[in-house]
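Student: The whole structure should be built from the sequences, with the hints applied where relevant.
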Amino acid sequence: MAETEKAARVQTNLRLAADVARELDVASAIEHRDKAEIVEEGLRLRRQLMGEEYRALVEAALEVRFPTDAESRLRAIDAIREGVAGATQDGSVTVSAALARIAKNAKVAV
Amino acid sequence: MTDLAITARCQNDDLPNLPPDDATHLVNVFAERRGQNPEGGEEMKGLGGPLYKLHADLSGGRDIRGITWYDRGADVCWLLAGGRHDVYARVEQLAKTDSHWPTSEDWANFEADAPIRLIERVVRNARTSLEEAMKKPGAEVPLTLSPPPAAFFQIDGERLWLRATLFAHGRRQLTQKQVAALWAAVFGKGIPQEGHPEHGGRWDSIYLVGPIPDLESWPPAKSLL
Chain A
1 MAETEKAARV QTNLRLAADV ARELDVASAI EHRDKAEIVE EGLRLRRQLM
51 GEEYRALVEA ALEVRFPTDA ESRLRAIDAI REGVAGATQD GSVTVSAALA
101 RIAKNAKVAV
Chain B
111 MTDLAITARC QNDDLPNLPP DDATHLVNVF AERRGQNPEG GEEMKGLGGP
161 LYKLHADLSG GRDIRGITWY DRGADVCWLL AGGRHDVYAR VEQLAKTDSH
211 WPTSEDWANF EADAPIRLIE RVVRNARTSL EEAMKKPGAE VPLTLSPPPA
261 AFFQIDGERL WLRATLFAHG RRQLTQKQVA ALWAAVFGKG IPQEGHPEHG
311 GRWDSIYLVG PIPDLESWPP AKSLL
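Residue numbers (this note's numbering), protein chains in the order written: chain A, 1 to 110; chain B, 111 to 335.
Be careful, since some hints might not be right.
[As the list claims (entries may be wrong)] Computed list of lysine to any residue pairs in SDA-like fashion (alpha-carbon distance at most 25 Å, straight line):
1. LYS35/A to TYR317/B
2. LYS104/A to ALA218/B
3. LYS163/B to GLU242/B
4. LYS104/A to PRO129/B
5. LYS245/B to ILE322/B
6. LYS155/B to ARG143/B
7. LYS107/A to VAL139/B
Hints are computed from structural coordinates only; laboratory data are not their basis.
Tutor: Now the structure itself:
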């Protein structure tokens, strides 16, 4: 078989590691969906996860990790929080947010 | 690995009543000690929980105390209150109306904080995991397993692979914000890069790859967290 033909062939009989195959079985049973459809969704999600807005999110995460000042850290924390019903803006209960608030209040007091 | 959280009541009512240096010290001691052992310290009897006393005294007679509670189901340790020695009496007072516990709003905010908690968890555990991965090149070493997403290190030549699982328990576990959080926590200011190992990867995972961090300077000082 020519090399180009080999390269064009699509593998359809995926051999998965035992634990991954079990996960896939469970997901398929719970969601009542075809296994191939779930694998396709996984691959699609991988592409989406590294999409356009990803770079901006990394910038925000970096500001949380390596803060330049307390206020920008708090803004960055808000930017990368997930949308959850009942959660409040500026309502982070993390250690990072608590330290940034203390630093911000100390600056205001000075 | 246990998550850490601080109730809004503690942040709004208790910490501002301490000098900023003392409040920062209390939060750092909470993160350091309860990150290692969420149920350490002397138990505060009679208030349920169980609640634990956190002693974070500084030299010069500055007594700094906290009260913590570990929720085993959610694997999170909460700082419920902080202050001077009189904080115990105040918590007893609050307990009469159950006002010392995390509120439903605290729990919602805790859920929303998932990417930030992931950064904090990874930074606390990364050094140990990286050291282990460097000893066993080619082997996957857990970085964080619970709560999801699970993430693993693997050393391959001069590169560090970070694998994070997309799915667990039949549903998607990884968001775009969490991927960004993982990148920032592990690789810092390098250029984000997704890859796929030459030896084949798993369909249910996302792979990030970058240079192996220098253990001499990584992770950064605790004061940044």
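Student: Confirm or reject each hint.
Tutor: Checked hints:
1. Of the pairs offered as hints, the one joining LYS35/A and TYR317/B holds, with about 22 Å between alpha carbons and a cut-off of 25 Å not exceeded.
2. The suggested pairing of LYS104/A with ALA218/B holds, with an alpha-carbon distance near 24 Å, which does not exceed 25 Å.
3. Restraint check for LYS163/B and GLU242/B: the C-alpha separation of about 33 Å exceeds 25 Å, so the hint is violated.
4. Between LYS104/A and PRO129/B, the direct Cα distance comes to roughly 13 Å. Compliance with the 25 Å bound is thereby established for this hinted pair.
5. Distance check on the hinted pair: LYS245/B and ILE322/B sit about 13 Å apart at the alpha-carbon level, within 25 Å; holds.
6. Between LYS155/B and ARG143/B the CA atoms are separated by roughly 20 Å; this keeps the pair inside 25 Å, and the hint holds.
7. A distance of roughly 22 Å separates the Cα atoms of LYS107/A and VAL139/B; the hinted pair therefore holds under the 25 Å criterion.
Of the numbered hints listed earlier, the single one contradicted by the structure is hint 3.
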